[in-house]
Amino acid sequence: MWFTLDNLATAHDTHEDAAHTSTGLSNVKLGMWLFLGTECLLFGGLISTYMLYRGRVGTGPRPAQVFDIPFTSVSSFVLLMSSLTMVLAVSSAHKRDDKSTNLWLVITALLGATFVGGQVYEFTAFYNEGMGFSTSLFSSSFYVLTGFHGVHVTVGLIMLLALRGMLKNNKVPGSRAETVEMIGLYWHFVDIVWIIIFTLIYLIPA
Amino acid sequence: MTSTAPDSHATEHGLSTAGYVRIALILAAITALEVSTYYVDFGWLFMPALMIMMVIKFVMVVSYFMHLKFDNKMFSWLFYSGLVLAVGVYCAALATFKFFG
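For the record, the sequence lines run as chains R and S. Take 129 as the starting number for the first sequence in our numbering and just add one per residue. Take 78 as the starting number for the second sequence in our numbering and just add one per residue.
Do not rely on the hints blindly, as some may be mistaken.
As the list claims (entries may be wrong) - Once the Cα atoms are required to be at most 20 Å apart in a straight line, the calculated SDA-like pairs of lysine to any residue come out as:
1) S:Lys146 to S:Leu102
2) S:Lys150 to R:Thr149
3) S:Lys175 to R:Arg184
4) S:Lys146 to R:Gly293
5) S:Lys150 to R:Thr166
6) R:Lys227 to R:Gly293
7) S:Lys146 to S:Lys175
8) R:Lys223 to R:Asn297
9) S:Lys150 to R:Gly152
10) S:Lys146 to R:Ser262
11) S:Lys146 to R:Thr151
Just so you know, the hints here were simulated from the structure itself, not pulled from any lab data.
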């Protein structure tokens, strides 16, 4: 027998919104991808600005003098692994395994918090080495770009923790799996932005 | 029947758990290679190698972790349109500063 009541309920939850739209696609998912497309433009502008100004250091320290590549490499690895734990949370949500979903969400949040903590430490170290926000065009564009990314990760962290609370209290509106998937899409997006920042800003010398 | 149903449903949404772990290991290996370019002199290969590795990592996360490979093509169009526009903005800004800066 192909369909059980459990099967039908899962299919209904996941595709409920999609079935009632003119495109046959979930409006929530469509909206999220559109939002991520516009986010590409935001970060495109910030990365362009940094690439143009990274050679303009004035009297301040040069990028190579302040960047700590081993430390940033570990941070990058942590954020990359948080993408794995996030996709496992989404996978568990689709399997309706609440226990695993909660566990993977918490691990993702912990990895994200580690990354943000690393960024705060890095900014503090740079400031102590004489690289303030307005020291040079390089420092301003660097702090704006990486700061915007850090704010995005922090917003993602808040969403992860809020989602975990909502799942625990059974207060997720609509499809649970789709809600976890949408927050997962946002989380993966901050990861792919960091993939670009790590290569262009840290590994390629000015 | 019920116990196997969630697995088959999950497969519709992407890879198995082992598949995701394999992708993460490949991403970690590429990251290690990227970091090695900071310590080892790759000569003229330095820049192209870094750019290729960055693009591979980007595409792998978008395709497998964000499920664009398995999802409706409309989502790919929405996302990649934004990305192409962003690259266009970068090229336009760079060209403007090169010729008029």
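Right, here's what the structure says about each hint:
1. Restraint check for S:Lys146 and S:Leu102: satisfied, since their Cα atoms lie roughly 19 Å apart, inside the 20 Å limit.
2. Using a Cα cut-off of 20 Å, the hinted pair S:Lys150 and R:Thr149 holds, with the two alpha carbons roughly 16 Å apart.
3. Distance check on the hinted pair: S:Lys175 and R:Arg184 sit about 15 Å apart at the alpha-carbon level, within 20 Å; holds.
4. A threshold of 20 Å between alpha carbons decides the hint, and for S:Lys146 with R:Gly293 the separation of about 31 Å lies outside it, so the pair is violated.
5. At roughly 18 Å between alpha-carbon atoms, S:Lys150 and R:Thr166 fall within 20 Å of each other, so this suggested pair holds.
6. Our distance criterion of 20 Å between C-alpha atoms is met by R:Lys227 and R:Gly293, whose separation comes to about 13 Å.
7. Taking the CA atoms of S:Lys146 and S:Lys175, the gap is about 37 Å. The hint is violated against a cut of 20 Å.
8. This hinted pair checks out: R:Lys223 and R:Asn297 have alpha carbons roughly 19 Å apart, not beyond 20 Å.
9. Annotation: proposed proximity of S:Lys150 to R:Gly152 holds, straight-line Cα distance about 13 Å (limit 20 Å).
10. Note on S:Lys146 and R:Ser262: the hinted pairing is violated, with a Cα-Cα distance of about 43 Å set against a maximum of 20 Å.
11. For the suggested pair S:Lys146 and R:Thr151, the alpha carbons sit about 19 Å apart, so the restraint of at most 20 Å is met.
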